[in-house]
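Chains as they are written, first to last, in our numbering: chain A, 22 to 187; chain B, 312 to 545; chain C, 7 to 269.
Hints in this document: simulated from the structure, not taken from any laboratory.
Watch out, some of these pointers could steer you wrong.
[As the list claims (entries may be wrong)] With the C-beta cut set under 7 Å, the calculated list includes, among others, these residues of chain A facing chain C: (1) P71; (2) L121; (3) A126; (4) L131; (5) V177.
Just so we're clear, the structure is a prediction, and the values are computed from it rather than from any experiment.
Just so you know, even glycine gets a beta-carbon here, dropped at the ideal spot from N, CA and C.
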Amino acid sequence: MPTMTTTTETHLVREGSELDRREFFTKLGLGSLGVATAGTLAFYYQYLSPNVLFEPSPIVNAGALDRYPLGSVTLDVNSAIYLVHLAEGYFSLSAICTHLGCMTAWKPELNMIACPCHGSRFSEEGQKLAGPAPRPLPWLKTWMSDDGELMVDRSVTIPQFQFLRV
Amino acid sequence: MTPPKDFTAAVGSDMRASQRRVLFVTRRTSPQVKVYDEERVQTFSEVLIRALLAVECLLIGLVLMSLFFNAPLEGIANPTNTPNPAKAPWYFLGLQEMLHYFPPVVAGVLIPGLLIIALIVIPYFDINIEAEGFFLKNRQQRLMLSMIVAGSLSIFLWFFDVYVALAPTVIIAALMLLAAFSSPQSPGRLRRYLALRPIFWWIMTWFLFELIVLTAVGTFFRGPGWSWVWPWRS
Amino acid sequence: MPGTIETYFDKLERTRVWRSIFRSGKGTSTLHNALAIQQNVFLHLFPTKVRKRMLGLGATWYLGTLTLGTFIVLVVTGILLMLYYHPSVPRAYSDVKDLQFAVSSGLFLRNLHRWSAHAMVFLAFAHMFRVFYRGAYRAPREFNWVVGVFLLLVTLLLSYTGYLLPWDQLAYWAITVGTNISSAVPLIGDKIRFLLLGGHLVNANALLRFYVLHCVILPLTAVVFLAVHFWRIRKDGGLYVRESEPGAASHEQQSSNEEQKTR
Chain A
22 MPTMTTTTET HLVREGSELD RREFFTKLGL GSLGVATAGT LAFYYQYLSP
72 NVLFEPSPIV NAGALDRYPL GSVTLDVNSA IYLVHLAEGY FSLSAICTHL
122 GCMTAWKPEL NMIACPCHGS RFSEEGQKLA GPAPRPLPWL KTWMSDDGEL
172 MVDRSVTIPQ FQFLRV
Chain B
312 MTPPKDFTAA VGSDMRASQR RVLFVTRRTS PQVKVYDEER VQTFSEVLIR
362 ALLAVECLLI GLVLMSLFFN APLEGIANPT NTPNPAKAPW YFLGLQEMLH
412 YFPPVVAGVL IPGLLIIALI VIPYFDINIE AEGFFLKNRQ QRLMLSMIVA
462 GSLSIFLWFF DVYVALAPTV IIAALMLLAA FSSPQSPGRL RRYLALRPIF
512 WWIMTWFLFE LIVLTAVGTF FRGPGWSWVW PWRS
Chain C
7 MPGTIETYFD KLERTRVWRS IFRSGKGTST LHNALAIQQN VFLHLFPTKV
57 RKRMLGLGAT WYLGTLTLGT FIVLVVTGIL LMLYYHPSVP RAYSDVKDLQ
107 FAVSSGLFLR NLHRWSAHAM VFLAFAHMFR VFYRGAYRAP REFNWVVGVF
157 LLLVTLLLSY TGYLLPWDQL AYWAITVGTN ISSAVPLIGD KIRFLLLGGH
207 LVNANALLRF YVLHCVILPL TAVVFLAVHF WRIRKDGGLY VRESEPGAAS
257 HEQQSSNEEQ KTR
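With the hints as constraints, model all of the structure from the sequences given.
This is how it looks when you write it as structure tokens:
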């Protein structure tokens, strides 16, 4: 019996370096596999995000100023923006509800903007009055072109109450 | 003299009906082995024919429905005009009802995410294995615990005006109260039944109840601007 | 002449070609019936024998079987519908209109696809609750329950991605609302939405992506999970039975009666 133990011990000692080497190669293999997986995921991510999109331009020409009389809220359905003319000046609001992206509508009889999906309500200045919307309707960058027409950039939001005075 | 064997072996004998069983009982113990054979039928062809019949019955129903009711198809997609109300498919209306009360992060991500995780871990929790009536042991303690949970949930829902989800919670809490003051010997079948319900039964039944109520409300009781309407008044 | 058809079948089953396909051989013995299950790549997912009391309507209500049935109906009708459908804007909508009014039986197939989809969602939910209330998720069936939860999710996703394909108002706004929920995920929400739609708006890219998900990726996922789901029923000891149920008690009585007889 004692002889048997010694043989196993020497066996184990010899296996030590063998195990180290084996573990090293295992780690190397798994590591390179991990790098390859990360690379594949990055590849997929890049492939799946389109670089060229055929989407309408964010800059909208809203037309001459006199189309928007004082105290009016006008919805341009094609570009999904409101053009509002109050005593303080002109401004434009996004018409897309900040809750889940439904298109809101101006209710003149209630003097407020209402979302049909989940019942959010906003004031004509975009402030949230009721419902689940988390944020007020964003104010969009508005300026006057050289030809005297209102221009709106839908991709740029500006702080609230920055009126365009003419 | 032969040394005593340290195991005994036995062979099941009904070889025609099922596979052979070989049983080794080691170390001279005398375990009680309760053996009974369930009556089994062959999958081919008896079970398959029954399954086929069931599917055929369903198919007949679906075909009749398809012949008499047309699938809805509205006007072409129009990004400039949101229909009022815009409703998701019926199985998401419970979720949409929640979206009416809570911000999207809570109602759209947190609640469904937690639900899925809760469903997945069900079989790995011992709470789901214990099959005794919940209030048969430690009644007072457990009653207090469940009332605290139900109460705080109700106050939370009440605070956010979610009366639609509040009602099922209160009803389930009331039934739990009834169960706590019932026992398997109580008069009345309902009380005896409730007294024997384990805790996971109560949780799942609450969830199922909420699911049905929220889906039904979203489907039938919500009109323009997600306002409350009575379906029979339209 | 009823005998003739039988003899034809008899002859057919004895041909070399038939026997090369179905190896279980002729006969209705226990062995033959077991081989018919075991030697078939599709049927071998199922156990060769089933406890008799699980066949009653009350035990399972056949909810799992019926869910599979709706899935098969959906695959068949879906493939047929694909033959007349172009996943592009605005062609998709006019294709669905054509299916309704110009294609023979197109209306019926679309109806069947739609109602079966609703039925499948309902049956999958019903199956889940039924399994839960019977306690069939307990060991050793835990993992099969998890597979079932994934199958429920795949079913919901299948139904949801299919919802966009007609490109009508209902579809457009349901997907707009639904994908905006995904942008509520903290930090990466907008990225998820962008990848899902292939753009910032629900548009032609989104339609194509949902089409591929609905017709290829999700059905394949469902089939793989279904195979595991069925196979695990067999591996986990067949359909779940509760020992406390009256069926078990009567069997115990039967076996003790038999014991008495042998004595």
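Among all the numbered hints in the text so far, which are the ones the structure does not match?
3, 4, 5
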